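Take a look at the letters that make up each chain.
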Amino acid sequence: MGSLLQIENLHVSVEGKSILKGVQLEIRQGEIHALMGPNGSGKSTLAYALVGHPKYEVTAGKIEVDGVNLLDLDPNERARLGLFLAFQYPVVIPGVKVADFLRHAVSNIRKPDRKEGEGLIPMREFRKELRERMEALGMDTEFARRYLNEGFSGGEKKRMEILQMAMLKPKFAILDETDSGLDSDAVRVVSEGLQKLAGPDTGVLIITHHERLLEFNKPHHTHVMLGGRIVESGDSALAHKLHEEGYAEIRARHPQAAAENAAHEEALTATTAS
Amino acid sequence: MSGTIAAATLPPSFDARAFEQFVSHRSEPTWLTERRRQAFSQFEELSHSSLDEEEWKRIDLRSFRPERYEIRNTLPAQSTFDLLLADRTEFGGRVTHIDGCTQASQLDGTLRKQGVIFGSLQDVLQAHPDLLQDYWMQRAVPNGRDRFSAWHAAFCTGGTVLYVPKGVDVEAPLYSFIGLASENAADLSHTLVILENGASATLLEETASANPDLSGLHIGAVELLVGDGAHLQYVQLQNWGTKVCHFAHQAGRVAGNGSLRWTVGGLGARIAHIHQDVFLDGPAAEAQVNGVTFASEKQLISYYTQQTHAAPFTRSDLLYKQVLRDRARGIWRGMIRVDEGAQKTDGYQRNDTLLLSGDSRADAIPGLEIEADDVRCTHGATAGRVDEEQIFYCMARGISEMEAKHMIVEGFFQTVLDRIPVEVVRETLNRAVEKKLGIERLQGV
Chain B
119 MGSLLQIENL HVSVEGKSIL KGVQLEIRQG EIHALMGPNG SGKSTLAYAL
169 VGHPKYEVTA GKIEVDGVNL LDLDPNERAR LGLFLAFQYP VVIPGVKVAD
219 FLRHAVSNIR KPDRKEGEGL IPMREFRKEL RERMEALGMD TEFARRYLNE
269 GFSGGEKKRM EILQMAMLKP KFAILDETDS GLDSDAVRVV SEGLQKLAGP
319 DTGVLIITHH ERLLEFNKPH HTHVMLGGRI VESGDSALAH KLHEEGYAEI
369 RARHPQAAAE NAAHEEALTA TTAS
Chain W
540 MSGTIAAATL PPSFDARAFE QFVSHRSEPT WLTERRRQAF SQFEELSHSS
590 LDEEEWKRID LRSFRPERYE IRNTLPAQST FDLLLADRTE FGGRVTHIDG
640 CTQASQLDGT LRKQGVIFGS LQDVLQAHPD LLQDYWMQRA VPNGRDRFSA
690 WHAAFCTGGT VLYVPKGVDV EAPLYSFIGL ASENAADLSH TLVILENGAS
740 ATLLEETASA NPDLSGLHIG AVELLVGDGA HLQYVQLQNW GTKVCHFAHQ
790 AGRVAGNGSL RWTVGGLGAR IAHIHQDVFL DGPAAEAQVN GVTFASEKQL
840 ISYYTQQTHA APFTRSDLLY KQVLRDRARG IWRGMIRVDE GAQKTDGYQR
890 NDTLLLSGDS RADAIPGLEI EADDVRCTHG ATAGRVDEEQ IFYCMARGIS
940 EMEAKHMIVE GFFQTVLDRI PVEVVRETLN RAVEKKLGIE RLQGV
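Chains B and W are the protein sequences, given in the same order. For the first sequence, my numbering assigns the number 119 to the initial residue and increments by one for each residue that follows. For the second sequence, my numbering assigns the number 540 to the initial residue and increments by one for each residue that follows.
To be clear, the hints were calculated from the coordinates, so they are not data collected in a lab. One or more hints might be untrue.
[Unchecked claim] Partial list, derived from the structure: chain B residues whose beta carbon lies under 7 Å from chain W:
no.	residue
1	Q142
2	V169
3	D184
4	N187
5	A197
6	I211
7	A217
8	N226
9	I227
Values in this document were obtained by computation on a predicted structure and should not be read as measured data. Note that beta-carbon positions come from the ideal geometry of N, C-alpha and C, so glycine has one too.
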């Protein structure tokens with residue numbers, strides 16, 4: 119049996135506002151899960167809470183990997199345990215080269231007890247591996263020398279996230295709308311890249327509005343989020359159906375969650391508009 | 540304003556009697572002694588008037604006690620320094636000063652045969668008594684600019700001179716070291732670089748204290764004179780201990796089609812104030828100015844920079860990056876001046892500050908004064924904390940919070956280091972930053 123990521127009755131607030139209201143989810147290494155749902159349902163909140171963003175406050179419930187409580191751990195410790203988030207909006211780090219950043223990241227993940235200043239993985243070995251991974255993802259190796267995400271196009275940023283996943287080989291990868299804002303070529307590249315990576319050693323949670331990513335990475339399980347909880351789960355057919363028909367039926371079956379979702383979505387719109 | 544207040548009397552170590560004694564011990568050409576006398580009377584006069592409000596109002600000089608310091612006439616018996624640049628590459632020549640006295644001077648024989656002069660001020664004055672007369676505090680830094688430039692001109696303890704004849708290309712970098720090794724020693728050293736037309740050279744200079752607890756004073760001047768089509772690269776790493784006061788006038792003049800690449804590293808000193816000028820005198824002259832400063836504890840590091848465009852098609856490009864930690868204070872006041880005739884000028888100045896603590900403070904004031912009508916001048920200043928989202932992103936990749944911060948700070952400096960073509964300088968500044976951040980390399984990388 120591979121590792122198990124367990125999310126139980128998870129409640130999360132952001133700036134005092136309750137967003138997740140009892141999320142229940144189990145992901146095993148080797149499984150692909152799709153997480154779908156309308157705007158404001160809490161999908162990204164779940165992603166951030168899992169990796170430990172300080173603004174996302176867990177008010178109840180638990181997150182465990184093989185029984186280890188993640189809530190007591192900093193984001194870097196969670197990463198060292200094998201958690202990975204492909205960011206919806208990857209952050210620019212000026213002046214830090216992709217290769218240097220990744221060499222530090224890889225060294226920490228592979229030597230979880232490493233302290234700052236201690237040895238990094240050997241340069242030659244690292245370079246070789248990085249070059250191979252970049253070539254496999256169809257990336258120009260010149261990117262290794264560029265500053266992390268600086269001046270990258272949307273597609274390049276997303277591909278960089280997949281490259282990081284390839285180098286860090288996480289046990290559990292959460293992909294937060296990795297397919298959004300990309301043209302169809304870029305979506306194909308990212309999907310194929312993920313397909314190569316998602317094997318028996320990786321549990322994947324794909325958060326998406328679209329179906330493209332799922333065509334290449336057929337989910338074993340599909341979950342629908344509404345109003346801060348998972349209201350329905352099914353197999354890959356559910357993802358297809360939701361993509362075809364939208365969330366009207368789901369809303370009708372879960373009026374309470376739909377109402378909470380609508381209220382939250384309205385608040386989000388108001389904040390954005392102001 | 541306490542900082543600009545006039546002094547009632549001159550400190551005994553720098554008064555009229557001290558001055559007479561100082562000049563009587565130096566065997567210098569008459570022109571220089573006369574110039575010192577003139578400078579001394581300016582020093583007396585300027586000491587009784589306030590410093591320029593605009594330049595000095597943010598600098599608190601109350602803790603600066605000139606009477607504490609004195610000029611040394613002899614080298615200390617023994618001193619060792621932890622140097623950043625000294626042994627990092629092959630130099631074409633080196634000159635070292637400790638406590639204002641020349642310790643050593645050396646120049647590659649081939650360069651000497653080509654007519655290159657590189658040595659201590661005293662040696663150069665002795666061998667070529669008239670060579671410097673038209674240059675020394677005549678073109679770039681005037682005696683009477685303010686109290687400190689007059690003080691320097693009157694009591695100048697020596698310094699480093701580089702002269703490169705017409706068309707000579709000095710490939711290997713030259714090295715100059717200025718050290719302080721005795722308690723309360725005053726160093727008033729001068730750096731004078733003259734590149735004749737079409738010449739080129741690189742001079743790397745660093746300052747350091749023999750131990751971090753030594754109190755000391757540096758009142759310096761740097762004059763960089765770049766001829767037609769000549770190219771100078773000059774680096775000064777100020778790395779004094781944190782009980783040193785550093786005041787300096789530094790100016791470069793670039794003639795037509797010439798270029799000056801000037802990098803300053805501001806790491807040490809308790810109070811450091813540098814007045815830095817670049818003058819673009821001839822058509823198509825260029826200057827690039829890079830600043831890397833990192834202040835911690837209670838350090839105050841201040842720059843007053845001016846880029847003066849006096850001819851058409853000139854370009855200046857100044858980028859200062861500063862990091863402030865603890866209760867440190869950083870001040871930068873910049874100005875681009877464009878004279879009426881300097882059409883098609885391209886001037887740029889930017890200062891970015893990263894604050895690593897809530898108690899650190901930055902003032903950055905860019906400015907433009909433009910009298911020509913067909914120019915492109917841009918300026919900017921930013922100041923901010925380390926971005927929390929950047930830290931989180933690094934942490935999400937397994938990097939600890941502290942290591943992430945260090946990485947982000949090094950990245951912040953990287954964009955200015957990228958502009959420096961000399962690898963040893965980039966590496967050295969990087970190491971200096973790591974050291975200041977407290978990163979110890981436990982194992983080789």
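Cross-check of the supplied hints:
1. Q142: violated (24 Å)
2. V169: holds (5 Å)
3. D184: violated (18 Å)
4. N187: violated (18 Å)
5. A197: Holds. Min distance 4 Å.
6. I211: Holds, because the Cβ-Cβ distance from B/I211 to chain W comes to roughly 6 Å (cut-off 7 Å).
7. A217: Cβ of B/A217 sits 13 Å from chain W, so the hint is violated.
8. N226: holds (4 Å)
9. I227: For B/I227, the interface hint holds, since the closest Cβ of chain W sits about 4 Å away, which is under 7 Å.
Checked against the numbered hints given earlier, this structure breaks hints 1, 3, 4, 7; the rest are met.
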